[in-house]
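Asker: Here are the chains, one letter per residue:
Number of protein chains: 2
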Amino acid sequence: MSLGHLYLVATPTPGQGEADFLTRVEAALQGGVDVLQLRCKDWEALPYLQLAERMGELARRYHVPLFVNDRPDVAFAAGADGVHLGQNDLPPVWSRAVAPGLLIGRSTHAPGQAEAALTDRPAYLAVGPVHATPTKPGRSAVGLSYVRWAAKHLPQPWYAIGGIDLSNVEAVLAAGARRIAVVRAILDAPDPARAAHEFRQCLRARQPEAC
Amino acid sequence: MSLGHLYLVATPTPGQGEADFLTRVEAALQGGVDVLQLRCKDWEALPYLQLAERMGELARRYHVPLFVNDRPDVAFAAGADGVHLGQNDLPPVWSRAVAPGLLIGRSTHAPGQAEAALTDRPAYLAVGPVHATPTKPGRSAVGLSYVRWAAKHLPQPWYAIGGIDLSNVEAVLAAGARRIAVVRAILDAPDPARAAHEFRQCLRARQPEAC
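First to last, the sequence lines map onto chains A and B. Following full-length UniProt numbering, the numbering of the first sequence begins with 1 at its first residue and continues without gaps. Following full-length UniProt numbering, the numbering of the second sequence begins with 1 at its first residue and continues without gaps.
It should be emphasised that the hints constitute simulated quantities derived from the structure, not laboratory data. Check before you lean on any hint, since a few could be wrong.
The list makes no distinction among identical chains, and a pair is therefore deemed to hold if it is satisfied within one copy or across any two copies.
Stated by the list, open to error - Here are the simulated DMTMM-like cross-link-like pairs (lysine to aspartate or glutamate), alpha carbons at most 25 Å apart as the crow flies: (1) K136 <-> E44; (2) K41 <-> D20; (3) K136 <-> D42; (4) K152 <-> E57; (5) K152 <-> D188; (6) K41 <-> E198.
Here the structure is a predicted model, which means the values were calculated and not measured.
Modelling step: build the complete structure from the supplied sequences, incorporating the hints.
Answerer: This is the structure we're talking about:
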C-alpha cells in the first residue's frame with residue numbers, strides 16, 4: 001500500500017458524539033485526506049476498539065489506510081492497517097510480536113530518534129512537532145531545522161507534524177516536507193472538507209505528480 | 001498453575017519511586033501475598049512494560065503468578081502469566097488472539113456479567129466492588145449479596161475485591177469468599193508484610209487446608 005500525502009490525526013473532542021465525529025472525518029476524506037489515524041489517549045480499550053471499527057469502515061470506503069495510535073492490540077482487533085507508536089509506547093518489536101502484519105508508524109523528535117527508528121523498518125516516520133501544539137502539551141517544538149534534516153536524510157516516507165495549519169504549511173513544504181500530518185487545522189475547521197482541500201492544493205502545487 | 005488466595009493489586013502512588021514501590025511489594029510477598037497484579041492506569045506502554053518486567057522478576061522469585069491490568073500486549077511483552085481485563089477493556093477473544101497463552105482474569109460487578117464472563121474460560125473472576133473504594137471512583141459498591149451469589153454459583157476461582165481491609169474482611173469471608181484481592185490495605189499499610197500476614201491469618205482461620 002502506498003502511503004498518501006495528507007494524513008489526518010483524528011481525536012474526538014470531549015463530549016463530541018460519535019456521529020458528529022465520523023461526519024467530520026468523512027468530510028475530511030472527501031476533501032482529500034488520504035491517510036487516517038485514530039488517536040484516543042487514555043480511552044478504555046473497548047470503546048477505542050468500537051470507534052476504530054467504525055473508522056475502519058470509513059477508511060475502506062475511501063480506500064485509505066487507517067492507523068490506530070498507541071495500541072497494537074486495539075489496531076489488530078479493529079482490523080486496522082497499522083499502529084502509530086510514540087517513543088514511550090510499546091517497542092515495535094513487541095508490537096510486531098502481538099500484532100503481526102500491522103504497518104508501524106513512529107513518532108520521532110530528533111535525528112537520533114529517526115536513525116534509531118529506521119532499524120525497526122517502519123512504514124513511515126512522523127517528524128515534529130514542527131510547532132508547539134496543545135495536542136502535545138509539554139513537548140517543545142523542534143522547528144523547521146528537523147524538517148530540513150529529514151528532507152535530506154530520510155529514505156522512506158515521513159510526515160511533518162505539529163501545529164501545521166494553512167497559515168504555516170508553505171514554510172513546512174519549503175523546508176522539504178512532501179507529506180504532512182494535520183490534527184486540529186482540519187477537524188476543528190468550520191468546514192473540514194474545504195480545509196482538507198486547501199491543504200491538498202498546497203501539496204499539489206509543490207509536487208503535482210504525486211498529489 | 002494453582003491460583004493463590006491473597007491477591008495484591010499493586011499500583012505505584014503518584015511520585016513514588018520504583019525502588020520504594022518494589023520494596024513494599026516484596027514485603028507484601030514476604031507477608032503472604034500469593035498472586036500479584038500490576039495496575040498502572042493511563043501509563044504509557046514503555047514505562048508500564050519496564051515496571052512489569054521488574055515485577056515479574058519479583059513474582060518468579062516468590063513463585064507467584066503476575067497479572068498485568070488492562071493491556072495484553074504489555075503483559076505478553078513483559079513475560080507475565082496473565083492479564084486482568086475489566087468490562088471496558090479488550091474483549092478476551094482479542095486478548096487471546098494477540099497474546100496467546102496468557103491467563104485471563106476478569107472483573108465482574110453483577111451475576112449476569114459473571115455468567116457472561118464464564119463463556120470466555122477465564123482463570124478467575126473478580127467479584128466486586130464489595131465496598132466503595134477510591135480506587136474505582138464512580139463505581140457503586142455491590143455489597144455482600146454479590147459475594148454470597150458468587151459463593152453459591154461460581155465453579156472456578158474468584159476473588160472478592162473492593163475496599164477490603166482488616167476491619168471488614170471477616171464479613172467478606174463469612175459471606176463465602178475464599179479468595180480476596182486487596183489494594184490499599186496492604187500496600188498503603190505502615191508495614192505491608194505485617195498487613196499481608198494478618199490477612200493470611202484470617203484466610204487460614206476459615207480454610208486451614210488451602211492456606
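Asker: Run every hint past the structure and note whether it holds.
Answerer: Each hint, compared with the structure:
In this assembly of identical chains, K136 and E44 lie within 25 Å of each other by CA distance both inside one copy and across copies; the values are 20 Å within and 14 Å between. Only within a single protomer do K41 and D20 lie at most 25 Å apart by alpha-carbon distance; the minimum there is 19 Å, versus 28 Å between protomers. For a Cα distance limit of 25 Å, the shortest separation of K136 from D42 qualifies both inside one copy, at 14 Å, and across copies, at 15 Å. Taking the shortest alpha-carbon separations for K152 and E57, neither the intra-copy value of 36 Å nor the inter-copy value of 44 Å comes in at or below 25 Å.
For the identical chains of this complex, K152 and D188 are neighbours neither inside a copy (32 Å) nor across copies (54 Å), given an alpha-carbon limit of 25 Å. Taking the closest pair of Cα atoms, K41 and E198 never come within 25 Å of each other, the shortest separation being 28 Å inside a single copy and 40 Å across copies.
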